[in-house]
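Undergrad: The lines below spell out each chain.
There are 2 protein chains.
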Amino acid sequence: MPTPRVADPPLAEPLFRRLALLGIGLIGSSVARVAKLRGDLAGEIVANARTQASLDRVVELGIADRVELDPARAVEGADCVMLCAPVGAYAALAQAIAPHLVPGAILTDVGSTKQSVIRDVGPLVPAGVHFVPAHPIAGTEFSGPDSGFAELFQGRWCLLTPPPGTDPEAVEAIAELWRRCGSNVETMEPGHHDRVLAIVSHLPHLIAFTICGTADDLADESRQQVVKFAASGFRDFTRIAASDPTMWRDVFLNNREALLEMLARFTEDAQAMARAVRWGDTAYIEDKIARGRAIRRSLIEQKQA
Amino acid sequence: MPTPRVADPPLAEPLFRRLALLGIGLIGSSVARVAKLRGDLAGEIVANARTQASLDRVVELGIADRVELDPARAVEGADCVMLCAPVGAYAALAQAIAPHLVPGAILTDVGSTKQSVIRDVGPLVPAGVHFVPAHPIAGTEFSGPDSGFAELFQGRWCLLTPPPGTDPEAVEAIAELWRRCGSNVETMEPGHHDRVLAIVSHLPHLIAFTICGTADDLADESRQQVVKFAASGFRDFTRIAASDPTMWRDVFLNNREALLEMLARFTEDAQAMARAVRWGDTAYIEDKIARGRAIRRSLIEQKQA
Chain A
213 MPTPRVADPP LAEPLFRRLA LLGIGLIGSS VARVAKLRGD LAGEIVANAR TQASLDRVVE
273 LGIADRVELD PARAVEGADC VMLCAPVGAY AALAQAIAPH LVPGAILTDV GSTKQSVIRD
333 VGPLVPAGVH FVPAHPIAGT EFSGPDSGFA ELFQGRWCLL TPPPGTDPEA VEAIAELWRR
393 CGSNVETMEP GHHDRVLAIV SHLPHLIAFT ICGTADDLAD ESRQQVVKFA ASGFRDFTRI
453 AASDPTMWRD VFLNNREALL EMLARFTEDA QAMARAVRWG DTAYIEDKIA RGRAIRRSLI
513 EQKQA
Chain B
213 MPTPRVADPP LAEPLFRRLA LLGIGLIGSS VARVAKLRGD LAGEIVANAR TQASLDRVVE
273 LGIADRVELD PARAVEGADC VMLCAPVGAY AALAQAIAPH LVPGAILTDV GSTKQSVIRD
333 VGPLVPAGVH FVPAHPIAGT EFSGPDSGFA ELFQGRWCLL TPPPGTDPEA VEAIAELWRR
393 CGSNVETMEP GHHDRVLAIV SHLPHLIAFT ICGTADDLAD ESRQQVVKFA ASGFRDFTRI
453 AASDPTMWRD VFLNNREALL EMLARFTEDA QAMARAVRWG DTAYIEDKIA RGRAIRRSLI
513 EQKQA
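The listed protein sequences derive, respectively, from chains A and B.
Whatever position you read off the first sequence (first residue = 1), add 212 for my numbering.
Whatever position you read off the second sequence (first residue = 1), add 212 for my numbering.
Be careful, since some hints might not be right.
One copy or two, it doesn't matter: identical chains are merged, so the pair holds either way.
Claimed, not checked - Pairs of lysine to aspartate or glutamate, DMTMM-like flavour, derived with a Cα cap of 20 Å: (1) Lys440 to Glu513; (2) Lys248 to Glu280; (3) Lys440 to Glu401; (4) Lys440 to Asp429; (5) Lys440 to Glu398.
Just so you know, the hints here were simulated from the structure itself, not pulled from any lab data.
With the rest of the complex left out, here is chain A (with noise of 0.2 Å):
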């Protein structure tokens, strides 16, 4: 079955009669456009977010049919509510919620790590609603209501891991709003998601974060020289340095143990190089070049670069 593209007309009825959508960043008011744009993922959409600004602005960009600063009037009669806030928030958020979530509703979020998620949401989860976690592996270096584009997720993938015994028609109806969105949807167990994205996504980060820090630190003449200078390397590190803090602390904290391993692991791989660096060790380092290359080269044959 060929994905359906945000482009297309509207294939069916609305999937839900009302998303509500916490929080309306980057990936929030991206799904907001393109339920606005399609008409066939929601009948209404309403938004919540932490500050009455960022209401005032989606009500600007007419991305929302309602907006609520209450979380808990935000999900009332929505039969699927969105976490789309950073994952430090979500306990929080679920504990504000839960009393109102209607009966067979499908509570889903969009979050970066998933065991998390599953320890801090799951046991607040009224009987009756179903809970299918969910990560669209897609984003850009920009946050807020303005950040977001209907395009966001076109191509890119969105894993499900819903935990043991959750109803397949939830599943289904989730995996069906991200097809919508354009996503590929696949399922994976929440454990098997964290490691995979701590190597992919979280612990670049890190690095990236990391390695703007210690230029920062460098002496004040050469700082000034490492702005001016700035090679292509640097600039692509401090391109992905640049995302939403708040969002990048909770997933740092969020994915802890994959990470810190993830984390060792590169530590000890880098420091074999500083060794080889060290030592003129040419065959080790032309040995990790290539396979740099190598694992590029699977990018661009998987179409992902």
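Guided by the hints, dock chain B onto chain A, whose structure is given.
TA: Just chain B now, with coordinates in the frame of chain A:
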């Protein structure tokens, strides 16, 4: 004085009668293209490469007036000789060409490490020949004569690191060559150059090659998923990691001390970040992320982004 652009008509007589490019990869072939396009860099462009196949390609591309497989023949009668090979090949090249350099000629280069170039090439430069090491800070992830383009140096920095006592007219001639390529030229002490480049370019590349290896070492199933689900963070890393292996091996080995020091600083910082993640030190993590964003903002303000 406004920087001349590549597309401008010739401003003056050619700077040099004969420009010999020893190495015709990304940088060398880009200089050749600028010279061909502008006409005021050199009256004649001679290209030398390690393989006849590269030279055949140069002929097909029409970016040089003459090709020579023997570097000694390539430099005959040239009033400017530019080393454009990986820096590890410089000593052998300098040995091969030294007896054939004409008095008054300028010997220059484009290498990313400058202390090593002065150490390897300096002692071989015959009396009467001027030695002006240079480093255009520009590049892409591609290599070979096909990868070059005339706009590569446009708006980029070119750093000159002439040894004390170098003839100011020779330095000015090389500065003018790079200005005609569209670059902003600055002079710098070679040791300082190597430290600044270690943090802005060499360390980021070492890290990128390393993390690709770390990912490649994961168990087979995870590795395939790394490729499949590569989020934007990892993709940026692998873009860097696809750069020319020989060039980077030589850069690492020839800027060993500065690179190892920057790696040691970075590793300390990464360990401090790991400790903050392990113990949930949110203030520390937020501070590091904020500093990454600050340095990013500086980059944007300096229009280097």
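Undergrad: Confirm or reject each hint.
TA: Results for each hint:
In the homo-oligomer, the alpha carbons of lysine 440 and glutamate 513 lie at most 20 Å apart only across protomers (10 Å), although the nearest pairing inside one protomer, at 36 Å, exceeds that limit. Taking CA atoms no more than 20 Å apart as the test, lysine 248 paired with glutamate 280 passes inside one copy only; the shortest distance there is 18 Å, against 64 Å between copies. For the homomeric pair lysine 440 and glutamate 401, the shortest alpha-carbon distance between copies (16 Å) is at most 20 Å, but the shortest distance inside one copy (45 Å) is not. With identical chains, the CA atoms of lysine 440 and aspartate 429 are at most 20 Å apart within one copy only, with a shortest distance of 16 Å there and 36 Å across copies.
With identical chains, the CA atoms of lysine 440 and glutamate 398 are at most 20 Å apart between copies only, with a shortest distance of 11 Å across copies and 44 Å within one.
Violated hints: none; the structure is consistent with every hint.
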